[in-house]
Every structure is written in C-alpha cells, then in structure tokens.
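A.B. asks: Here is what each chain is made of, one letter per residue.
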Amino acid sequence: DTGVSQDPRHKITKRGQNVTFRCDPISEHNRLYWYRQTLGQGPEFLTYFQNEAQLEKSRLLSDRFSAERPKGSFSTLEIQRTEQGDSAMYLCASSLGGRFGSYEQYFGPGTRLTVT
Amino acid sequence: LAKTTQPISMDSYEGQEVNITCSHNNIATNDYITWYQQFPSQGPRFIIQGYKTKVTNEVASLFIPADRKSSTLSLPRVSLSDTAVYYCLLTTRGSTLGRLYFGRGTQLTVWP
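Residue numbers (the working numbering), protein chains in the order written: chain Y, 1 to 116; chain V, 1001 to 1112.
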C-alpha cells in the first residue's frame, strides 16, 4: 500500500507532556497538509507545506504547535505542553500541486491523541 | 471562504438511491463543488468534483443546476458500506491556498 501513512495511530499522554507525530505522504506528492478533527466535526486545517516550505498556517496552530517537513518528504507535527483540549484526531494529507490546485487530497488514517 | 450548508443526517435502506443536497448561495465563479466521504476512524476520501451540469463516476453522480447555488450528490443503490459522513466543499482550481474547508458534513446511515 503506497498511501499516506501516519505514526503512531494512537497516543495517550499526560497533560504537560510533549508529543510528536509523523506523516509519510505519497512519494510523488509535493504538497502535505495537517488537519485536526474532533468528534462530530469535520477536519479543520492546521498547516500546509509545498515541498519543504511551510506556506500556510491556521490560527488554530498556536505557539505550542510546530510542524516541519525536512527535505520535502515526511513531516512531523509536535505539540508542546499538551492540554486536554488538544485531544483530537490529527490527520495528514498529501496531494500533487499544479495548475488545478489541490482539491484532491489523499488522507492518512490519522493519529488519535488523548490527553489525560 | 464561501461556506456550504447540508443536512446533518440522513437515513436510507439498502438498495435505495440517496440524494444529498448542498447549498452554496455565495459560490464564486472560480469555485468547484467537491465531495468527500469519511468512514469511522479513517481520513476523508475524495469522491467527485464538478463545475456545472452533471458529472458521473463509478461511485456517484453530481448534479449542479445552472445557477450553481446548490448541488446534489446522488449515490445509486446504497449498501451498508456506504454508511459514512459526506462532506460538500467548495474548492478553487488553481488556488495557491492549500486548505480544504470541511464543515460538519452529512451523516448517512444505511439500514438493512
């Protein structure tokens, strides 16, 4: 399966701890996105990379959140000093860029974070 | 971003055709109508996209009237495995912005 993969699939952490998630996009995709989804809501955009450049960040991405995509391949999303409100599913997606934009994004299975 | 409005939930029985309507009164000239499907504990999956009239693929059909202020996703002969959340989005082709705006979607439940 050469789809988008995310690791870990589940993470339980105590409030105040730091966590890091990894996303491996589809290999030929140059765009990578992070979304957050809470129960009963649709995914909410967090940030977006084109190759290694972080081009867009949502206001949802507070100073405790940082994302990287070194060398334009995999990406990591780190949350520092986790809070209970950070509990959510964190979704990664990738797509091809180009003249038609990025309307068809391929999503990974997500990482479910529970902060106790 | 222009928003969409769709029913929170719908119920159907196996074998029936399901039509989910989405309203987008403020759709812009460059906006396309895009639908995603999400199963529990999975990420969303692109289903179909259209600009006007009708688009059909192996999964669904999308009907868009001339004024483009609404659209209808049609799922023929649904099965239990079509139980999912369906999201109607507006996407701008050629946009340098990466984000998709999902909203709450429509929870479709198919009963035996």
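Treat the hints as calculated values from the structure; they're not laboratory data.
Accuracy of the hints is not assured; some may be wrong.
[Said to hold, decoys possible] Under the rule of at most 35 Å between Cα atoms (straight-line distance), these lysine-lysine pairs were calculated in the DSBU-like manner: (1) K11(Y) / K1054(V); (2) K57(Y) / K11(Y); (3) K1069(V) / K14(Y).
[As the list claims (entries may be wrong)] Just a sample of chain Y residues kept apart from chain V, beta carbon distances all over 10 Å, derived: (4) P8; (5) T20; (6) D24; (7) R31; (8) Q41; (9) S58; (10) E78; (11) T116.
[To be verified] Pairwise CB distance ranges, derived in the manner of DEER restraints: (12) K57(Y) / Q1016(V): 40 to 50 Å; (13) T1029(V) / G97(Y): 30 to 40 Å; (14) G1015(V) / R15(Y): 34 to 44 Å; (15) R1045(V) / K71(Y): 26 to 36 Å; (16) Q17(Y) / A1066(V): 48 to 58 Å; (17) R15(Y) / S1079(V): 18 to 28 Å; (18) T1029(V) / E56(Y): 32 to 42 Å; (19) T1083(V) / H10(Y): 40 to 50 Å.
Please read all numbers here as calculations on a predicted model, not as lab measurements.
Ideal Cβ positions, reconstructed from N, Cα and C, are used throughout, including at glycine.
A.B. asks: None of the hints should be skipped; say for each whether it holds.
C.D. replies: Quick rundown of the hints versus the structure:
no.: 1; hint: K11(Y) / K1054(V); in the structure: violated, 43 Å
no.: 2; hint: K57(Y) / K11(Y); in the structure: holds, 24 Å
no.: 3; hint: K1069(V) / K14(Y); in the structure: violated, 47 Å
no.: 4; hint: P8; in the structure: holds, 14 Å
no.: 5; hint: T20; in the structure: holds, 19 Å
no.: 6; hint: D24; in the structure: holds, 14 Å
no.: 7; hint: R31; in the structure: violated, 6 Å
no.: 8; hint: Q41; in the structure: violated, 6 Å
no.: 9; hint: S58; in the structure: violated, 7 Å
no.: 10; hint: E78; in the structure: holds, 20 Å
no.: 11; hint: T116; in the structure: holds, 20 Å
no.: 12; hint: K57(Y) / Q1016(V): 40 to 50 Å; in the structure: holds, 43 Å
no.: 13; hint: T1029(V) / G97(Y): 30 to 40 Å; in the structure: violated, 22 Å
no.: 14; hint: G1015(V) / R15(Y): 34 to 44 Å; in the structure: violated, 49 Å
no.: 15; hint: R1045(V) / K71(Y): 26 to 36 Å; in the structure: holds, 28 Å
no.: 16; hint: Q17(Y) / A1066(V): 48 to 58 Å; in the structure: holds, 55 Å
no.: 17; hint: R15(Y) / S1079(V): 18 to 28 Å; in the structure: violated, 43 Å
no.: 18; hint: T1029(V) / E56(Y): 32 to 42 Å; in the structure: violated, 23 Å
no.: 19; hint: T1083(V) / H10(Y): 40 to 50 Å; in the structure: violated, 23 Å
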